[in-house]
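J.: What follows is the residue order along each chain.
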Amino acid sequence: MSILNSKIPEGPISEKWSNHKAEIKVVSPANKRKLEVIVIGTGLAGASAAASLSELGYNVKAFCYQDSPRRAHSIAAQGGINAAKNYQNDNDSVYRLFYDTIKGGDYRSREANVHRLAEVSPNIIDQCVAQGVPFAREYGGLLSNRSFGGVLVSRTFYARGQTGQQLLLGAYSALNRQIAEGGVKMYTRHEMIDLVTIEGKARGIIARDLVTGEIKRFGAHAVVIASGGYGNVFFLSTNAMGSNASASWVCYKKGAFFANPCYAQIHPTCIPVHGSQQSKLTLMSESLRNDGRVWAPKKLDDAEKLRKGIIGPNDISDEDRDFYLERRYPSYGNLVPRDVASRAAKERCDAGFGVNSEGKAVYLDFKYAIERLGKGTIEKRYGNLFQMYEKITDTDPYKEPMQIYPAIHYTMGGTWVDYNLMTSVPGLYAIGEANFSDHGANRLGASALMQGLADGYFVLPYTIGDYLAGEIMVPKIDTNKPEFIEAEKAVVTRLNTLFNIKGKTPVDHFHKKLGQIMWDHVGMARNEQGLLQAIKQIQELRAEFYQDLLVPGELKNVNPELEKAGRVADFIELGELFARDALNRNESCGGHFREESSTDEGEAKRDDENFAYVAAWEFKGVDTEPLLHKEALVFETIHLTQRSYK
Amino acid sequence: MADKILNKIYVKVWRQNNPTAKGRFETYTLENISQGNSFLEMMDILNDQLIRGGKDPIAFDHDCREGICGSCSLYINGHAHGPDTMVTTCQLHMRKFNEGQTITVEPWRVGAFPVIKDVMVDRTAFEKIQQAGGFISVNTGGVPDGNTIAISQDDAEEAMDAAACIGCGACAATCKNSSAMLFLAAKVSQFAKLPQGQVEAKRRAVAMYAKMDELGFGGCTNTGACELACPKSISIAHIARLNREYLKAKIAD
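Just so you know, the sequences run in chain order D and B.
Going by my numbering, the first residue of the first sequence is number 1, and it counts up by one from there.
Going by my numbering, the first residue of the second sequence is number 1, and it counts up by one from there.
Source of the hints: derived by calculation from the structure; they are not laboratory data.
Built from N, CA and C at the ideal position, the CB exists for glycine as well.
Take these hints with a grain of salt, some might be off.
Said to hold, decoys possible - With a Cα cut of at most 25 Å, we get these calculated DMTMM-like pairs of lysine to aspartate or glutamate:
| hint | chain 1 | residue 1 | chain 2 | residue 2 |
| --- | --- | --- | --- | --- |
| 1 | D | K380 | B | D84 |
| 2 | D | K185 | D | D548 |
| 3 | D | K185 | D | D478 |
| 4 | D | K253 | D | E609 |
| 5 | B | K4 | D | E390 |
| 6 | D | K305 | B | D3 |
| 7 | D | K513 | B | D44 |
| 8 | B | K211 | D | E181 |
| 9 | D | K630 | D | E609 |
| 10 | D | K375 | D | D315 |
| 11 | D | K556 | B | E157 |
| 12 | D | K380 | B | D3 |
| 13 | D | K620 | D | E483 |
| 14 | D | K513 | D | E471 |
| 15 | B | K55 | D | E544 |
| 16 | B | K4 | D | E23 |
| 17 | D | K502 | B | D155 |
| 18 | D | K399 | B | D3 |
| 19 | D | K25 | D | D466 |
| 20 | D | K85 | B | E157 |
| 21 | D | K476 | D | E55 |
| 22 | D | K513 | B | E31 |
| 23 | D | K380 | B | D44 |
| 24 | D | K34 | D | E199 |
| 25 | D | K380 | B | E227 |
Unchecked claim - Covered stretches of chain B, as calculated for chain D (at least 3 residues, CB under 8 Å):
| hint | segment |
| --- | --- |
| 26 | 103-114 |
| 27 | 125-133 |
| 28 | 173-184 |
Here chain B stands alone, though its shape is the one from the complex (with noise of 0.2 Å):
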């Protein structure tokens, strides 16, 4: 099937120099693009053209383009990742949009992801959550044999859906409160499906939580929005299943 060519279209990137510049919306204007290319493609062609009129190319960050490595972060059109769903930015494709089409690209928008240059984000805070708990405590070695722990398939399953989070930060981003809450369920909730995971479960919750209030995440209020913007669809279940844990975790002490 041979991809229809989009003669023109405009995209309208968010350019700042760096954490501390003030930024601008900047429109270029691309002509014969494939509908066949990613997303990032374009941004690529973009980029050549804008180097090779002497300008600076926007900085994003990008880097398996095959949705798993979490790298990319935009914000396109209002939505996180784009207009598609269930994708990364860099799974989207130029089917999506039409001749003439403006597309609107702009960085994850979060408090506590700022900018670092046009639409990079600094997302150091998801490391600082995962840091406060998002592990258990075993050295390498002297662990028991694997089939010694036997876990019920649908718990594995449950488990494995909540471990698929990228980590990329399209939750925060979507959420109108940046919430990361669906982004520390997704650990939580992983671990709270394993037997492995019980041993720290209190310690891991609260700790997990504390941390997320302090980098200036905000709350949950349960709008849902977070589980639409996933582009691992995962379910805002976690995040009922984290209030549980907080809870078992609040009411122990």
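Isolated chain D (complex conformation) (with noise of 0.2 Å):
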């Protein structure tokens, strides 16, 4: 028997989480008034679930490293956000969302998660529309839909190009009323740098003021993470340029199990990078993927011309274009999910058929749907992300195909949870992409934006109260308790050790090399030896970075390199868990491309005898091999069969 509980309800699938309500309990509003949450992070989970649980009458303190809650990194999210209204009449259906989820996640999800998430859905909608957020409309003013990579119906609601922003603006619009009411204390620009526990359980937090300098104690009766994922481990990422795993990491060394961290995205519409100096990559929404075709050039010759600059994309009549999503997967075509499209762009250019100068790029062409659409029609739906990619790239997309590579973009893996979002830690709680939870192995588009609320407004002011009804008897955290006193000391003796190394080094060398390792080895694919490689190396980067490091400005001040020095000090080691996991995991699914585990025709083959589990790792030391412990993954609705969407 495993030491992870996973908690998951009794019943048929669709009964669980409403059989759940009802046996949970529910604290009182007098008792809400004296209980106290910190909320991680501000994004679509932390500003929608900071909102839901003032509402309810809670005393929440909300923190982000931004200088405000809307700057959160969901505010980049493009594409949309799934909802099974089925408003389409196209047979969509809770189970149909919940089937292609764990389908698109290669059945490395829980199935009880993932019902209870395409059961939200449709609320999560009804709560934006009555939040004001403009989503697109028909003539008739009743909501519009796209479709997204790896479903067969229209589910996916959008407001432009900026569906992401809008939701976010719709739940800090939430949240500003609860500031503004007093039910919400917001800590702008502070970052969480340790987790207190009192007696094995989450009583408050570090945190470091990042204009003052100053460390501060805050006391709750529960903490939620809700700090996002961890691609910037890849140093070039979609990610924004602050976004780390730091607050989820000091939950890991705190006793809270990290599961499949091996399993991150690769988004395939990204701008392929241009040099060096490069500091991040830019996305091109998946929904391009609804009008655009995507092609490499038939012939060797043409490609090498293309690289060379001889000729250009439109030289090259249609007979000599290689559809090769069309051509490997006439079924689902350029619509295939996100890991499929990604390995495949990765095989045209390892083979030779790549046209930029680097070799590593494909042409994403809407020339097709301009004839038959109209310019007016695509400048519609896409106009934002046409000029975007404009900008960037001095290349106008109307006239000639887009440029796009693969890129990482998201992480599946996370903190470990329960069905009711709850850590391996008693109190600590971990939502949205901080999570592990709902997207198996693969997240399908525009389902990252429905998870993040769902837990925000949904699931967490639910199941946080089954815990929260056994702490009313708790006074408010006495922030002078020992345990503070500690980690605050502890916290201060991490940062001057940071400090004071004062090597030759900027922090940016050390994550750029990191990112170098992730992306050799422990990128699009996968094997032994790099793995092993990788975890060397890593090591090896860590030693380096204790030596060299040079931080410089003051600790009192606002001091930029400072917080990033933090981040990827944590980054080194988490890169190391990443590889470990993708070490041990010796199969393919997903995300995670192992190549001692592919098809003959180089498609992924998942091994469910030895790997239909949960890989949850425990800290055991910076020098010691993590844990592992095993979560069965039970398929009771949903019979496992290896993916095809040919």
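Please assemble the complex out of the two chains, which come individually in their own frames, going by the hints.
T.: Following this line, the structure appears as structure tokens:
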């Protein structure tokens, strides 16, 4: 028997959530007023949770490192949000969304969690509409939908190419209302540096004020981590520059298990890397694959000429274009899931058909859609994305196809949580991208927004009550307790250590080096030898980091280099765990592709007999190997098959 | 297409160690900058050079680097977000600059946005304006089905035009009166175009307006500079709608 108790309710899949809600405890309004909850991060999950908890009557302290909660990286999500509304009458349903998500995740997520996600998805749309989110509308005034990868129905709601922005601003407005009413105390430009546990329970945090450098203690009856994913372990990703895993990582070191770290999503349509000084990658929404056709040249000779700039893409006739997704996957075509599309692009480029000077790009072409629908329609659908592309690349995508290449985008792995979204530390919760539970080994497009808001609006506000009902006799947490003093001391020591190395090399250098190791050996294709090498190289990098890091400036002032140093120190450790997990999982599933486990056609081959489990890692010390706990994935409703999009 | 290399450029930056310190311009020389780099990548290279030279790097706000989070906020050669149109600082590329050019980098100069350090400013005032009424008062749960409220496509599109505001502050930084009217108008106008926003329309316009005044932003004299500086091209027609909403509320009072 595993020490992991997922607390999945009994009963048929469609009744689990309602049964569970009927059984869990509820805190009375009078007692809610006495309880405090800390929320780390103000993206879709954090902002929606903080607002909803405050509306219920809890006292909330919310934290973000940015100067405003509205700047959390959920803001950058472009394409849309899924919901099982079946407004299109195309036979969508809660079951179909559930099924698509399980299949899209390559059968590595928990059935019960995913079904709950599908069940609450329609409520999210209603909530956002009520908040004034300006979703796209049909001429008759009703809500409009578009299609996304990996599904055969239209269930994605959108607000131009800025859906994440509009949903976040909706949650932000709800949060602002609570801040104004006093239910939420908002701490901007504050970064959580440590978790404080007392007698095994999460009781608060230590945070650094990023303006004054002051180290502060905050107590609460429960702590919620909503600080997003760890894609920036690759340095170059579509994440924001400040996106980091430190909150999750300190929780890991305080006993919260970290699950499936090797599941990272590589998004197929990003603007290709342009040079060694690049700081981040820009995503071009998956929605573009509704109307854009992906191709590479058929002839090696043409590819060569394109790379040298002798010819342009428009010089290649239709017969000489290889629409390889339509060729390989006729039923889903350009709308195959992200992991499949990414590997197919890599396969073409590795075979010598890449089209930019580095040979690391393929085309996403709108010529055909413009011929069919007219430029005006395409402009209306994707205008802001086309403008963004042109500003970055100096090329007009209405006239010439976009160049795209896969890039790190999202992490499905994260802090292990049970059905209540509680981690293995009592009173510590993880929601949104920070947890691991809903997307398995690959996330479908437009499902991140859905999960973030489902957790924050409709799941956590119920499930946290079950724990807090047992805490109503606990008085306001005293931050002068020895556990707080100890934690603060440890934080000060850690910051001093980083600051006082006074080596020769700025932190970005180490971050880039880590990213290169990850991309080379733990990227789109992984094998045993490469992973072993990555672990060794990361360990060497860690040693070098603590000898040669140079943090300038002052401890007690604005100091972005100090902030980065702490985050990169954690990323180095996380990168090692990531590689270990990838090494352990000797199968291919979703975004995790082990070369040792593939079919003759080069497709991923899952191994359900040996790997149908969640890998939850327990911290045992920085220089000690972590301990693996396995949570078996039980499929009661869906029959496991090899995924096919052909 | 290979990007050209700028052999030498000069970056003249506002340096100020903290809110109360006296600020000054410092000029730095940079070599071999690819025009394919974004402006902030150029700043990264400059900071790397400063750190390796034992100097304090320049503090500036930035995060998503794709023009949507609204963090970046530099006043470059006399323009909010620099010489390009419809971009944020992070989307500005070095193609817009020439060999040997001196590039002047300043913080937003707005009384209500005090400098924190160097070219990083405190935009908490914008938060307070939103908290004064930039929301529809609905709790989570208990709301009607999304399709019970039909909204014409034109109204939804216009609401979206306004809702595209990223809260960067370029409007106030560009305005000779340091007015935040375009920022305020974007929110009021978004809700004014939607049926959901009608219930609290009067209170919203008055409360947000009063908060803007209280925080020390200037009044609007319709110069239209904000619209030109806005990276999302939010039209001053939204200011006209804000004024209508405000008047309606005052007359009803």
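J.: For each hint, tell me whether it holds in the structure or not.
T.: Going through the hints against the structure:
1. Taking the CA atoms of K380/D and D84/B, the gap is near 23 Å; set against the 25 Å cutoff, the hint holds.
2. Only pairs whose Cα atoms come within 25 Å are accepted, and K185/D paired with D548/D is rejected, the gap being roughly 39 Å.
3. Only pairs whose Cα atoms come within 25 Å are accepted, and K185/D paired with D478/D is accepted, the gap being roughly 18 Å.
4. A distance of roughly 31 Å separates the Cα atoms of K253/D and E609/D; the hinted pair therefore is violated under the 25 Å criterion.
5. Among the hinted pairs, K4/B with E390/D is consistent with the structure: their alpha-carbon atoms are about 17 Å apart, no more than 25 Å.
6. The suggested pairing of K305/D with D3/B holds, with an alpha-carbon distance near 18 Å, which does not exceed 25 Å.
7. Distance restraint check for K513/D and D44/B: the Cα-Cα separation of roughly 16 Å lies within the 25 Å cut-off, and the hinted pair is therefore satisfied.
8. Pair hint K211/B plus E181/D holds up; C-alpha atoms about 15 Å apart against a cutoff of 25 Å.
9. Restraint check for K630/D and E609/D: the C-alpha separation of about 14 Å stays at or below 25 Å, so the hint holds.
10. Proximity of K375/D to D315/D is assessed by CA-CA distance (about 21 Å); at most 25 Å being required, the pair is judged to hold.
11. Proximity of K556/D to E157/B is assessed by CA-CA distance (about 47 Å); at most 25 Å being required, the pair is judged violated.
12. Restraint check for K380/D and D3/B: the C-alpha separation of about 31 Å exceeds 25 Å, so the hint is violated.
13. Distance restraint check for K620/D and E483/D: the Cα-Cα separation of roughly 20 Å lies within the 25 Å cut-off, and the hinted pair is therefore satisfied.
14. Annotation: proposed proximity of K513/D to E471/D is violated, straight-line Cα distance about 46 Å (limit 25 Å).
15. Taking the CA atoms of K55/B and E544/D, the gap is about 22 Å. The hint holds against a cut of 25 Å.
16. In summary, the hint linking K4/B to E23/D is not supported, as the alpha carbons are separated by about 66 Å, beyond the 25 Å threshold.
17. A C-alpha spacing of about 58 Å is found between K502/D and D155/B, which places the hinted pair above 25 Å, so the restraint is violated.
18. For the hint pairing K399/D with D3/B, the CA-to-CA distance comes to about 20 Å; that is within 25 Å, so the pair holds.
19. Taken as a hint, the K25/D and D466/D pair is honoured in the structure, with Cα atoms around 4 Å apart against an allowance of 25 Å.
20. Straight-line distance between C-alpha atoms of K85/D and E157/B comes to about 22 Å, which keeps the hinted pair within the 25 Å bound.
21. For the proposed pair K476/D and E55/D, the alpha carbon gap of about 20 Å is at most 25 Å, so the pair holds.
22. Taken as a hint, the K513/D and E31/B pair is honoured in the structure, with Cα atoms around 23 Å apart against an allowance of 25 Å.
23. A distance of roughly 35 Å separates the Cα atoms of K380/D and D44/B; the hinted pair therefore is violated under the 25 Å criterion.
24. For the hint pairing K34/D with E199/D, the CA-to-CA distance comes to about 21 Å; that is within 25 Å, so the pair holds.
25. Taking the CA atoms of K380/D and E227/B, the gap is about 21 Å. The hint holds against a cut of 25 Å.
26. Evaluation of the coverage hint for the segment 103-114 of chain B: breached, as 0 residues show C-beta separations to chain D shorter than 8 Å, against a requirement of three.
27. Counting residues of the segment 125-133 of chain B whose C-beta sits closer than 8 Å to any C-beta of chain D gives 5, which meets the bar of three, so the coverage hint holds.
28. Residues of the segment 173-184 of chain B lying with their CB closer than 8 Å to a CB of chain D number 0, which falls below the three-residue condition for coverage.
Hints 2, 4, 11, 12, 14, 16, 17, 23, 26 and 28 from the earlier list are contradicted by this structure; the remaining hints agree with it.
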